[in-house]
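Chemist: First to last, the protein sequences are chains X, C, S and V.
Numbering follows my numbering, with no gaps: position 120 of the first sequence is 609.
Numbering follows my numbering, with no gaps: position 148 of the second sequence is 637.
Numbering follows my numbering, with no gaps: position 231 of the third sequence is 720.
Numbering follows my numbering, with no gaps: position 284 of the fourth sequence is 773.
Mixed in with the good hints, there may be bad ones.
Reference listing, derived: stretches of chain S covered by chain V, where coverage requires no fewer than 3 residues with Cβ under 8 Å from a Cβ of chain V [to be verified]:
hint : segment
1    : 574-580
2    : 734-747
3    : 792-803
4    : 831-838
5    : 849-858
6    : 885-893
7    : 902-916
Since the hints were derived computationally from the structure, they do not count as laboratory data.
Remember, it's a predicted structure, so these values are computed and weren't measured experimentally.
Note that the Cβ used here is the ideal one computed from N, Cα and C, for glycine as well.
Protein chains: 4
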Amino acid sequence: MPIKNGAEYVESLRGRKVKVYLFNELVKEPVDHPMIRPSINAVAATYDIANEEPEMAAAKSSISGHNVNRFLHIAESADDLVNQNKMQRRLGQLTGTCFQRCVGMDALNSLYSTTFEIDQKYKTPYHRRLIDFIKMIQRENFVIGGAMTDTKGDRSLSPSQQPDPDMFLHIVKRDKKGVYVTGAKAHQTGCINSHWIIVMPTMRLKAEDKDYAIVGAVPVDAPGITYIYGRQSCDTRSMEEGDMDAGNSKFAGQEAMIVFEDVFIPNELIFMDGEYDYAAMLVERFTCYHRRSYVCKTGLGDVLIGAAAAIADYNGVASASHIRDKLVEMTHLNETIFGTGIASSYQAHKTASGNWQNDDMLANVCKHNVTRFPYEIGRLAQDIAGGLMVTMPSEKDFRGKVTGPILEKYLKGRKGVSTENRVRILRLIENMTLGRNAVGYLTESMHGAGSPQAQRIQIARQMQLEYKKKLAKDLANVKEGEAAETAQESTEYFDKIFGAGKKKKAK
Amino acid sequence: MPIKNGAEYVESLRGRKVKVYLFNELVKEPVDHPMIRPSINAVAATYDIANEEPEMAAAKSSISGHNVNRFLHIAESADDLVNQNKMQRRLGQLTGTCFQRCVGMDALNSLYSTTFEIDQKYKTPYHRRLIDFIKMIQRENFVIGGAMTDTKGDRSLSPSQQPDPDMFLHIVKRDKKGVYVTGAKAHQTGCINSHWIIVMPTMRLKAEDKDYAIVGAVPVDAPGITYIYGRQSCDTRSMEEGDMDAGNSKFAGQEAMIVFEDVFIPNELIFMDGEYDYAAMLVERFTCYHRRSYVCKTGLGDVLIGAAAAIADYNGVASASHIRDKLVEMTHLNETIFGTGIASSYQAHKTASGNWQNDDMLANVCKHNVTRFPYEIGRLAQDIAGGLMVTMPSEKDFRGKVTGPILEKYLKGRKGVSTENRVRILRLIENMTLGRNAVGYLTESMHGAGSPQAQRIQIARQMQLEYKKKLAKDLANVKEGEAAETAQESTEYFDKIFGAGKKKKAK
Amino acid sequence: MPIKNGAEYVESLRGRKVKVYLFNELVKEPVDHPMIRPSINAVAATYDIANEEPEMAAAKSSISGHNVNRFLHIAESADDLVNQNKMQRRLGQLTGTCFQRCVGMDALNSLYSTTFEIDQKYKTPYHRRLIDFIKMIQRENFVIGGAMTDTKGDRSLSPSQQPDPDMFLHIVKRDKKGVYVTGAKAHQTGCINSHWIIVMPTMRLKAEDKDYAIVGAVPVDAPGITYIYGRQSCDTRSMEEGDMDAGNSKFAGQEAMIVFEDVFIPNELIFMDGEYDYAAMLVERFTCYHRRSYVCKTGLGDVLIGAAAAIADYNGVASASHIRDKLVEMTHLNETIFGTGIASSYQAHKTASGNWQNDDMLANVCKHNVTRFPYEIGRLAQDIAGGLMVTMPSEKDFRGKVTGPILEKYLKGRKGVSTENRVRILRLIENMTLGRNAVGYLTESMHGAGSPQAQRIQIARQMQLEYKKKLAKDLANVKEGEAAETAQESTEYFDKIFGAGKKKKAK
Amino acid sequence: MPIKNGAEYVESLRGRKVKVYLFNELVKEPVDHPMIRPSINAVAATYDIANEEPEMAAAKSSISGHNVNRFLHIAESADDLVNQNKMQRRLGQLTGTCFQRCVGMDALNSLYSTTFEIDQKYKTPYHRRLIDFIKMIQRENFVIGGAMTDTKGDRSLSPSQQPDPDMFLHIVKRDKKGVYVTGAKAHQTGCINSHWIIVMPTMRLKAEDKDYAIVGAVPVDAPGITYIYGRQSCDTRSMEEGDMDAGNSKFAGQEAMIVFEDVFIPNELIFMDGEYDYAAMLVERFTCYHRRSYVCKTGLGDVLIGAAAAIADYNGVASASHIRDKLVEMTHLNETIFGTGIASSYQAHKTASGNWQNDDMLANVCKHNVTRFPYEIGRLAQDIAGGLMVTMPSEKDFRGKVTGPILEKYLKGRKGVSTENRVRILRLIENMTLGRNAVGYLTESMHGAGSPQAQRIQIARQMQLEYKKKLAKDLANVKEGEAAETAQESTEYFDKIFGAGKKKKAK
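Same shape as in the complex, but just chain X (with noise of 0.2 Å):
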């Protein structure tokens, strides 16, 4: 009987032997935990949003025949990577945070063009058995988290190269059934709110790593897993009494390193393994997919721009023309990341499989956008909040028979205007640009999907120089034997572009 909404979503989860640490202690109930419970309601709304904005969020799978979560969803069409964003963009709305459900999507999707490949080649059934796991997910409507970064040890060394062979996930027994993994994946979003990982590679492999070369799936609770729960910036006001000073008391993203030992995965559930040559063709895919999920921090910066909106009417300085002049520019900024992301769902093209696969070059430029452009909207979100943000005494205070009163008088902001409204719109500025979901915000957008420097390496190898070099030689009359050059470039992002590339180039 399939999840049918978030309430139902949140009870799946309990009565889980899932082994979590949390301050050294091993938690009881994740679901009843004040500083988890936030993030297992972000995951929550991915559910009702399908209920309530189905044709955003929701859509008709070819595989299981059915009406499924977009988010369980294989893209059959440009226009279902532009809904992704869409809904998004509309759950960072909802949430102000980290929804966490992006991760599985975008590993679905990749891996069902790769798995396609490499059976085509190896006649392997990998595709077959994903489309099987598929049906059930989709049939049950669970949650999939997919486990990519591992630990890597000493980063000049390749996986099989490491004192510790366990810095890579990796193969460590096999038998009939299947094999054990050993290794450990570091800040797996929303992992422990998962019913399912999705273990993958996380970078080319070569020969000598096969036995890295493992994709498989495994229950969230699989014996042999342990979850150490990463600490955010002002995790424990959750735990505090009231709802104030945690800025955003609802929502929040969830961030856990996983410690697989000798977990088992069976046959029916691995989807590579051992195919070392299609660990590149993966991270590649799923890393285009998942850097334009980045447009979810537009739904962020939407709540952020109408925090700072809010605090400046609370303020009186509305209208103020600098004020003004903020607001379209964080607008501006934030506008930009959308187009961007859209833009390369739009470009997308139909893999051999079937499924749509995105433009990469532009899904680079987005992420690369969100590396930048949060840290600009928050800078400004502060400047409008002023400094009251981050000097306002707690709610405690506010609540005080002495200090209430006090406070009460001499913090309020413009006439009709009451303290408390404005507190708490300060505290999620607060929230956003400093406290727990000022991590989603502006360090996941920064490191997740990968850092800047690995977005720049990406854009590099398809700015297709060679092309551009002719382009302004022929403009300025140069004269060379050329045209062997230009045929050596490596991508194909202007052919995607303009189409009848091929025949065009051919002179």
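Once you've looked at the hints, dock chains C, S and V against the given chain X.
Modeler: Here is chains C, S and V on its own, set in the frame of chain X:
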């Protein structure tokens, strides 16, 4: 008999009675004037591309039933708009300058929907007339210029309040056959290179400005029209011997002032006459198209990135990490413009008249990026180029008996690179960052289709602060009765994104 | 007997009757409160540096004839001001936070010249009283807080127009011995850690605001004063076991609200009483000093650059060219702040009272850079740090029996680097970009000594457009009779640079 | 008899045997060439200012005992260096271009200390010779050009490794009376307008490059020297009738290639001959002075800000908040350059020879800002100017019988502003952002005194990461034995700031 290609287009311009002043002399035949010709060559490229890359640069028009140049096509889908962008980028790549034909394309498309809506309200015959006009120009394959920007006089006064009534083009006389207009349109792109000019009001009008609410088509050499040619940086290099110092000797832009003195417009070519309440709609739809048309600058950006990469190669520093990094940055900025531009086109909606209008918020965001990034791309190109770019001797010195061998000896690049080729690439960078085409790449990027502040105003109008404030207040648990406020937003940007999505896409 | 060092200073704070609310509880002894203590440690550092680096941090005062802490010194030369900047940077390096003592230093210096000029006009005794006060605090080596920022209420109304007269601190009663004041000062840096507080008006006043034109000194624990402690991001980590998660467990800033209820100021400690026409002068001189005092943030910048360099080293990527390049960029921005700050000090002039006032234009330019560059430096630090910075488990988990060894195994840096040290550096970066000292490094950089718009207004006042327009017109051969206009400039920035240079330098 | 003023200077240039090629013709008399003359006028301004503002632009030299032009003065204090900066800004304001005399000033000062140190080591007579030379030029009041930048050939090879030995200037012959040199110096500022040229090596040399380690003075018209004049954007406008289209018809910069063929340098004018180990010191000291000399660009910035303010006024939009805000931003950026520049001068130290050397870190920071901010100031100027700046007809059209009245009618600004004055200001903005002086304001700002990467390398050398890492580790409680490392820093930037402060200041 239609114009079939660039060469025929050039010939079609000969022998007209067009009155052009340049350096206070009447130009005998613009086609043969060395300073004007490069701008004509750029327009000619718009003909040739329709033959060479018809899928991108031509389209079958439902109006005439023929395959027509895309610049004369009324957009029948979002993809039509996206293809405009791709064609614009490609032409930018091929010419390295402004090819001057977008104003006409965007004017025809905005008139198409506006005349339809005027007719619906006032039972006027404008839409039918426009369709006849479009059929004719599609048949003949003409270049259409759109004349919008009045000289404006005192900016604090409306058209009818000006001490001199001619500060905005207006009707000075009318008879049974048509109307007579007087006024001037400033910095009109490609006007002399057009066959027809469509005059349009430049701003929102009021009842008392009725005589200024005139839209109509006139031949470029209509009696009463005088053109005064605009100077560009380094323009006279086109008149010097040789082709090196010009940097891009083949292509350039054109902007001139058009002065109208009692110019006649016959009834059949009048598309608005007194419906002042539709002036704003026309202007807004035009600028919405046109701000996104600045995607053309990414084509120029490709040329400049190519030139920078070429000179780095010639200087023997192509693999230096800081050089590489600057090329990546230039590419990132360039693609950010492209992404926001095509996103605007993809997010188009169908108008009442049946043609397609791109998204306004994203069009403004695209153009606003165009007022910034080309300057930074230009700065980085100069950084990579080195100081020689602005201190090289003239082509005459390179050809000189004494100086030639000296320069050949001392200004060589890395082995295998001729001094001349090195100089040619540097001159191209000069051309695009200081010289003739810097006008188009930089200053026109700033002011064309509206200066930066115009975009900020338009972004402000659509930023939906009430919607965003509500998002923030919901997350911050602010309780107020604000439902009403939200309804007052003057825009539907988010509705278009989240709401009517499905219907819009139905093709 | 004067306070001799940091340790004695800490002891000097014990046992006072100061009334501090924190989390709605009266704090028994602030010195022993784990959340308050780090801010006291930071002030203590200002004592120790005077012993350790006396040439920079101490000075011989002509007032008392003694060698005094520079924070209590009235500047007797431009070099004195430059040494303030150097000391500020050094203390920023040593504490990584706000050491809270600049407000008092800048208040004393601005009062010194302002009281002199009031006395000249009104024959009042303020300057003499101030000198007596200075002699006393120099003798005792006290910490002086300056309380300026009123809570302001409705910002469109002047102090005397407010419905609630207490929105600005004002005299509510007076008798032969002195006056009684009521009101509140918001976000007062280091107030509880001071021995004396000087209250000052916060803005330009008019005749009807006479009762608000009050300057005077009160002991920190004077009857009628209540402090309500301000929360900071991650503040309660100071109250957790261990020292790792705090990032910088020893030092932090402090901002609290000071509430005055009928607080008595004796005549001898009143330095302005009703001379409303001098309020603006006092505020402007104070902000002129104080905006340049933000050079302290370059010391914090040094720490953050060092932390970024350390983590890059620990991660084994210190020699990657993009890492190196980011460290250079951080340094460049940091030194730009430093350069503009000391330039303001060097360009000081002597006031009528004999002390020295730094240049106002450059002070504003310095502070304006401070509202931008630390955010970018912080962004780059997060870039270099990697995502682990915000996803690491708690110190307790690192110490845990089960989790400790796992984390030790998987979170190691390059060979030779302990996991703990890696974590410690990451926590420091978190502390400065999201946590407790991000308040000081980022948000206080934005709003302290005036928000960005305040600097822009001040820069606008001094930008001498008439002077500059004349330069342009002369070069463009524009003929107008404009000599008169030029005389009307409200500022003398260029006179100070070009003109009075010689005299100013004569010492 | 010394040159007494600008007019005498101009006359002093007449009748020399200087061999200058321009457009492949030998220039008869440079003084009378309309394209060259503006650059001579700019140098002439350096004479007049010494008469008009002697406290800033002249100084009493301890060497000759006379009051001399500051450009010929050896700095005897930090204030001398600061006054250089002030004079540089002022001349930038008065000419709007490069006045070409700083290279000589900075060369003399760096040679002064370097020859002293060479002599100390090698008992050579260079310092005494230099002093004699300085006495002579101070007596005659000559213009000195410094020729440093060799053409370099293949950048991966050292001077002596080049296939063509002339790629770097070197000694080809020597006799009892002196040496003969051959080679070429590229883009030499103001060389033809100088009286003497000092040749210097352009980079660090090794033992095998001994013949390249030559410093010496030659008269500008020495036998064997050929100049090839560099083109600038819009240079030929100086040769057109009228003065409007040039924008700044009076002043311009000059850069030419100097070709040396067996040019004789007598012994008494040789200041280095084979001491290759001092080449790096000379270059570093020179660039240290010279990077800070780019403060001159703030004078050009003042002109451009003034022009932008003037055109805003003429357009009737001077009080628009966004215009005002852009003028503030331009000012802020301009003053940031100024602040970092004079900070470098103020932080000077005394060399062994007794003259003063400015701070290197801050000099690089200053210049690095110069490679960025003028571009942004220029962009904002174009924003304020409006599109007319690049589409205006020629001066001839403004003077034309037919076109003149039309343009007068349609291109008027606000009431009371003549069309001509509006055009003149726009042409000045064109001149500085695209035209002749954009070469100096933009591209030379980028590459003069070293390209951006050169500054980044120098900043990297001095950023003292070990020092900063220690700060971070101390605060993060990281325990390692790292004292030793700290000692290895190659620079003493912080020592200079914190340490020797007092002694350095002792005058």
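Chemist: List in ascending order the numbers of the hints, as given earlier, that are violated by the structure.
Modeler: Going through the list in order, the structure violates hint 6 alone and respects the others.
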